[in-house]
Amino acid sequence: MAGVLLSAKGIKIRFGGVVAADGIDLDVLEGENLAIIGPNGAGKTTFLNISTGYLRPQAGTINFLGQNITAQLPRTITKLGIARAFQIPQLFLDQTVMENMLISAASRQGRPSGFQALSRLPDVPEMERLLDLVGVSSYAQRKARELPEGQRKLVDISLALALKPRLLLMDEPTSGVASSEKLEIMDILTTALAKEKVTSVFVEHDMDMVERYANRVAVWNVGKIQKVGTPAEVLADPKVREQVIGI
Amino acid sequence: MHFLRTARAAATVVAIFTSTAFAQNKPPEIKIGIATFLSGPASVFGVPAKAAAEMIADDLNKKGGIGGVPVKLSFIDEGAGGEALVSNYRRMVQDEKVDATFAAISSGSCNQLVPVAEDLKVMNFMWDCGAASILETRKYRYNFRTQANGTPEMLAVLIYLLKTKPDFKTIAVVNQDYAWGRESWEIFSTALKAMKPDVQVVAELFPKFGAPDYSTEISRLLALRPDVVLTTAWGGDLDTLVRQAGQRGLLQQSTFVLGIGESSIQRLGKDLPEGLIVGARGDHWFLHPEKRNDAAFKAFNEEFKAKTGAWPIYPVYHMAQAFKALQTTYDKAIKANGGNWPTREQVVDAAVGTQFATGFGRPVTLRSEDNQGLEAQLVGVTKSFPGYEFKLLDNMMIFDPKVITNPAGIRSVEWLKTLKPEFAKMDVPTFKQQ
Amino acid sequence: MAGRIKPITAAAAIFFLVSAVAPLFVSSWATLFALILAKGVVVLGIVLLLQAGQVSFGHAMFFAVGAYTAAFWGRYVGGGDIVLFLVLGAISSTVSGLIVGLFVVRYRDIFFGMLNLAFSMVLWSLLEKMYPYTNGADGIRVARPSLLGFSFTPETFQYLILYISLLTAIAAFYGVQRYLESPLGHMLRAIKSNETRLEYLGTSARRVLLVGYVISAFLGGIGGTLVAMIQQIATPEFGYWTKSGEFVFIAILGGGAHAFGAFAGAAMFECVRFYAAAHLADSWQLILGVVLIVIILYAPNGLIGLRQRYRQSGLGGS
Amino acid sequence: MNSTLAILAVLDGISYAALVFLVSVGLSLIFGVLRVVNVAHGSLYAFGAYLAATLSLRVAPVSPWLTYPALLLASIVIGAVCGGVIERFLLRPLYGRDDVLQLLITFAAFMIMDNLQRMIWGVQPIFAADPLKLLPNVTVFGVTYTSYQVILLPAVALATLFGLRYFLRRTLSGAVILAVTEDREAATAIGIDARRVYFVTFIIGASLAALGGALASPTTSLVPGMGADMIVLSFAVAATAGLGQIEGTALTALLIGLTRAFVIYLHPEFEVLVPYLLMVLVLLVRPLGLFGAVQVRKI
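For the protein sequence lines, the chains are A, B, C and D, in the order given.
Taking my numbering, the leading residue of the first sequence gets 85, the next gets one more, and so forth.
Taking my numbering, the leading residue of the second sequence gets 3, the next gets one more, and so forth.
Taking my numbering, the leading residue of the third sequence gets 708, the next gets one more, and so forth.
Taking my numbering, the leading residue of the fourth sequence gets 266, the next gets one more, and so forth.
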């Protein structure tokens, strides 16, 4: 069994009257693709927000590689090796895709220069490789603003990959993508993750995607984890089918 | 140092273009560049002065100009702000090649322009700015002040106060917070301390220049009840202060001294009560007791009134003085040059020590030691007279400039400290308004 | 991209060349161009912050800091040298930029603008009110400084200061250009489009903005020192909010997208003011206001944007 | 300082606060709804004052009591005409564009109005004190106040405060404005014409600035440049309160007015510094102002 990468214990948070996390315990294992499913408002995104430091839990701790990262700043957590991709792609829209990537590369290295040209960074070939891996290299010199939604999503993930993370958290990687493209994108993505040896956690609504790409599934319901298991186990559970998938 | 060479070359080019020395033919016109406020609060002085300048130039040209040469005016706006003012002044001197400049109203502008005039070697008459320090810190060749400065102006007001209200015990000051407000109080309070040391200063208030509201200051003065309140404010600020104070009874409670209030009298109209002491920055008053029957003086005032709708105020007379000084200087220079047209430098030589009759009051002398003008001072007290919608000055005293101006070479504050109580006992002629 | 930058760089080169040569023929242009260049340096700082989408409505405070550094030196120490003034102005504005920056980089958009305005108004009121030290509203005269010990006649000095301003402007232009193309510069631009993402890449947006802010304060200070030497005076008006507004105005006028916009805008602004003041003494504000409205409504990328638009339409679209 | 002086200072502070509130609340309202900092606000104040004085001087010979409706008329005319023109022709084309441009176009409007003001009304101070003189003086501890300043102005300010509250909380139009303030997209989705709301709000805000000017006109000389100082002051008040906070603006205006009055009594040198220093201190501790509310961004 692979080691534990990220470990959440007793995470609690509430917004006014809404309980978004009510004692979440979850381990993310090295090398796996963990899917998080659950109805809207169950607290899935909140969990990602807490894990990456965007929100501070009212109780509980998050450990990453044995280090307590609870309530650290997002950029500190990023530096430790957790990258994040967003439900709505978060790009630098006025810059080209390559510039986006190079900003990410420069961020990873720290101490960015104020005098050397960005376009002359030695990371250019590596970024080209990553864009190629994700299948968007033809857009490299285009402004991010000009890209269609599906491609933006992939660039968003590439930005995270450029950080060379140990763990990648993705919020609905295929939402907003035409259903005909979903499979292709997930294929590209999982191949890339495997190649880069990145562990991933992804929030997902589409059970087909979960079945095909997840090693493990955690089911969220009203701020609690209802069930954890392999996709087959979880999706066979009648309670999960009724409450979460709505069949 | 390539650019230095370029600069030197450039300087040579400039020198060739600008210096117009040697035997002079009579030029087609004498160009005068005038810096005055056309915008901002001080345009209450600048705009009437501009009207006066245009009127005087017209009259002068009708009579054949100066030495047979007509004058031509160009104006720049002091209100445009520091940088624009200096660049425009340079443009006027370097591009339009004016023969003389009159600059400026505010001491701030004078501080900026006087060194520039000296650099550009153009004769400049400081026609209205009052800061004594400008001519005290350095001897200039090209800069002259064709009127008094703050020291005799404030001293005259103070002596008038000491003569007419010798028993006051407390005084408060409300001045605008800028050089004139501060300096005039420094002059006044230094002289006061020297001549009447027992007076207590109960409040020193310097509200922001252009403050729209003095209610709080007035409340405080109403509560403090000083015998005398001095203000050297002017323009809209003085109007506001006087009206707000009048409305709330402060003008009746304390004796008000309006250091340079002559310029606001007409505008304030009925809102100005009787009994306020008013200074005039010179011996300027459209009913000047020694000149009021002078035909030319009357004609000037009438013409100005017809043109602008108001009687002349002191900046108008200051502008006229600058013209008189220029005319006298040129006449003197032409005479000294054997009737030939003088060079610019010869004109500047002639300006030193010139005495000229203003026609609007007593004559003015440009003291040769420091180019400071010696100008008499008129102070009076407000009183109603039939036939006027506003108050007139009564019990006017006219002060001799030689007595109340600090001698050349001694800084005014140092000189004021040496004054004795007896100084205020000097003989000064008093004139009733007729 | 290279094709987009190069013609502008060429335009900048022509502009700098004209500033160097034209005043040799019309002497009153020496001061005019020196002012344009000095103000252009200040506006470069505004352009820098515009990259991050931030508008400082108080940047005149650094302009005033630079100017008063020279003025205070002259008043309390005496004498002065152009190089010394520039170095001191650079130091004082950088330090004050760092101090103010540590506070303001925590804020964005209108709050960033407001806090800057507040700081600048505090400085302005102090300069106005500390009359015994600052001469209040009248300001402090700055005597003509020497250069490395050599003193100059007024005629030479106006050219000297022009070429000093020119060198400073070229250096600043080059430096800012390089900075904007660098990773830090790109991160600055990233703050405008997506600050959250920048944080999620592990970069502190505040630190990136702080570097930009300090550089822009430095440029403001240098420009202020230059203007104080050109005008030979420093007044509180240098730090008043309308001055800050003027700098932002110039940046938008020229176009905030490129460093040259600062100089294009400054040239336009000063020329309109100079000639409008000469011919229509009473309406230069009106003219500038109308020019600004036309630019904002019809050429939102400023003067340099006009050229680009023309070029694009010339290429026949695509 | 004894208690008598303290009471005097309070009276001075209140009358000052009343005027500042009227101008600031207009600025705050406009920001709350349009998200635009209207730099021309000070010019609207000045125009309101000038037009009010012009009208007052016209009607005063007929009956001095007519000057009161004249003040009101002036503020409505300026608010509707100048405010309307600025919103319709300058701001409207810029909605959805960069905030900087919106701010700067009002700066352009400020420059133009400042210049126009000189062209229309000249540079000589104008004074129209009839409304002030109609009301009797009141005496407090031997110190005379005009009831215009210590009674009428605060009364108008209070009436404006409660009027605005009522309008926004209890009327349909007010509810519509609040809806747009809180969530523009949702409001548009349910069929609210946001452009009309902007137009109306801007005119209301502009009228308040002009009303401030009109009410100030009897107490002060109208001079060129009076708008430039007012804009920063009202901005400082609105920002210290938290932009868009109406009750907060009232309390902050009072705070600044009282502090200023006490400072003039105790340390007059620091008077000018008061509003800006307060602003810096408040913004450092509470970036959204004393009464501003936090909004979390969704990612």
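It is worth saying that the hints were derived from the structure and are not from the lab.
Every residue gets a Cβ at the ideal spot worked out from N, C-alpha and C, and that includes glycine.
Be aware that a few hints might be false.
[What the hints assert, rightly or not] Below are the DSS-like pairs computed for lysine-lysine, each with C-alpha atoms no more than 27 Å apart in a straight line:
{"id": "1", "chain 1": "A", "residue 1": "Lys248", "chain 2": "C", "residue 2": "Lys899"}
{"id": "2", "chain 1": "B", "residue 1": "Lys198", "chain 2": "B", "residue 2": "Lys307"}
{"id": "3", "chain 1": "B", "residue 1": "Lys74", "chain 2": "B", "residue 2": "Lys123"}
{"id": "4", "chain 1": "A", "residue 1": "Lys163", "chain 2": "A", "residue 2": "Lys279"}
{"id": "5", "chain 1": "A", "residue 1": "Lys279", "chain 2": "A", "residue 2": "Lys248"}
{"id": "6", "chain 1": "B", "residue 1": "Lys404", "chain 2": "B", "residue 2": "Lys165"}
{"id": "7", "chain 1": "B", "residue 1": "Lys337", "chain 2": "B", "residue 2": "Lys167"}
{"id": "8", "chain 1": "D", "residue 1": "Lys398", "chain 2": "B", "residue 2": "Lys272"}
{"id": "9", "chain 1": "D", "residue 1": "Lys398", "chain 2": "B", "residue 2": "Lys385"}
{"id": "10", "chain 1": "A", "residue 1": "Lys279", "chain 2": "C", "residue 2": "Lys899"}
{"id": "11", "chain 1": "B", "residue 1": "Lys422", "chain 2": "B", "residue 2": "Lys195"}
{"id": "12", "chain 1": "B", "residue 1": "Lys74", "chain 2": "B", "residue 2": "Lys385"}
{"id": "13", "chain 1": "A", "residue 1": "Lys279", "chain 2": "A", "residue 2": "Lys323"}
{"id": "14", "chain 1": "B", "residue 1": "Lys167", "chain 2": "B", "residue 2": "Lys427"}
{"id": "15", "chain 1": "D", "residue 1": "Lys398", "chain 2": "B", "residue 2": "Lys210"}
{"id": "16", "chain 1": "A", "residue 1": "Lys227", "chain 2": "C", "residue 2": "Lys899"}
{"id": "17", "chain 1": "B", "residue 1": "Lys141", "chain 2": "B", "residue 2": "Lys165"}
{"id": "18", "chain 1": "B", "residue 1": "Lys167", "chain 2": "B", "residue 2": "Lys307"}
[As the list claims (entries may be wrong)] Quick partial rundown of chain B residues pointing at chain C, CB under 10 Å, derived from the structure:
{"id": "19", "residue": "Glu56"}
{"id": "20", "residue": "Ala82"}
{"id": "21", "residue": "Val88"}
{"id": "22", "residue": "Ser89"}
{"id": "23", "residue": "Asn90"}
{"id": "24", "residue": "Gly340"}
Taking the hints in turn, this is what the structure says about them:
1. A threshold of 27 Å between alpha carbons decides the hint, and for Lys248(A) with Lys899(C) the separation of about 25 Å falls inside it, so the pair holds.
2. Between Lys198(B) and Lys307(B) the alpha-carbon distance is near 41 Å, which puts this suggested pair outside the 27 Å criterion.
3. For the proposed pair Lys74(B) and Lys123(B), the alpha carbon gap of about 20 Å is at most 27 Å, so the pair holds.
4. Restraint check for Lys163(A) and Lys279(A): the C-alpha separation of about 21 Å stays at or below 27 Å, so the hint holds.
5. At most 27 Å may separate the alpha-carbon atoms for a hinted pair to count; Lys279(A) and Lys248(A) meet this at roughly 12 Å.
6. Of the pairs offered as hints, the one joining Lys404(B) and Lys165(B) holds, with about 19 Å between alpha carbons and a cut-off of 27 Å not exceeded.
7. Between the alpha carbons of Lys337(B) and Lys167(B) the distance comes to roughly 50 Å, so the proposed pair goes past 27 Å and is violated.
8. The hinted pair formed by Lys398(D) and Lys272(B) meets the criterion: a straight-line CA distance of about 13 Å does not exceed 27 Å.
9. A hinted pair counts as satisfied when its Cα atoms are at most 27 Å apart, and Lys398(D) with Lys385(B) qualifies at roughly 22 Å.
10. The straight-line distance between the Cα atoms of Lys279(A) and Lys899(C) is roughly 33 Å, outside the 27 Å bound, and the hint therefore fails.
11. Taking the CA atoms of Lys422(B) and Lys195(B), the gap is near 10 Å; set against the 27 Å cutoff, the hint holds.
12. For the given pair, Lys74(B) sits about 41 Å from Lys385(B) by alpha-carbon distance, which is inconsistent with the 27 Å threshold.
13. For the proposed pair Lys279(A) and Lys323(A), the alpha carbon gap of about 36 Å is over 27 Å, so the pair is violated.
14. At roughly 13 Å between alpha-carbon atoms, Lys167(B) and Lys427(B) fall within 27 Å of each other, so this suggested pair holds.
15. With a CA separation close to 26 Å, the supplied pair Lys398(D) and Lys210(B) stays within the 27 Å bound.
16. For a cut-off of 27 Å, the pair hint linking Lys227(A) to Lys899(C) stands: about 15 Å separates their Cα positions.
17. Note on Lys141(B) and Lys165(B): the hinted pairing is violated, with a Cα-Cα distance of about 35 Å set against a maximum of 27 Å.
18. Between Lys167(B) and Lys307(B) the CA atoms are separated by roughly 34 Å; this puts the pair beyond 27 Å, and the hint is violated.
19. For Glu56(B), the suggested interface contact is broken, since its CB lies about 13 Å from the closest CB of chain C, more than 10 Å.
20. Evaluation of the Ala82(B) hint against chain C yields a held restraint, the C-beta minimum of about 6 Å falling below 10 Å.
21. Restraint check, Val88(B) versus chain C: the minimum CB separation of about 5 Å is within 10 Å; hint holds.
22. This hint holds: Ser89(B) has a C-beta 5 Å from the nearest C-beta of chain C, less than the 10 Å allowed.
23. Taking 10 Å as the C-beta cut-off, the interface hint given for Asn90(B) holds, the closest approach to chain C being about 6 Å.
24. Proximity of Gly340(B) to chain C is violated relative to the hint, the smallest CB-CB distance being about 32 Å (cut-off 10 Å).
Hint compliance for this structure: hints 2, 7, 10, 12, 13, 17, 18, 19, 24 are not met, and every other hint is.
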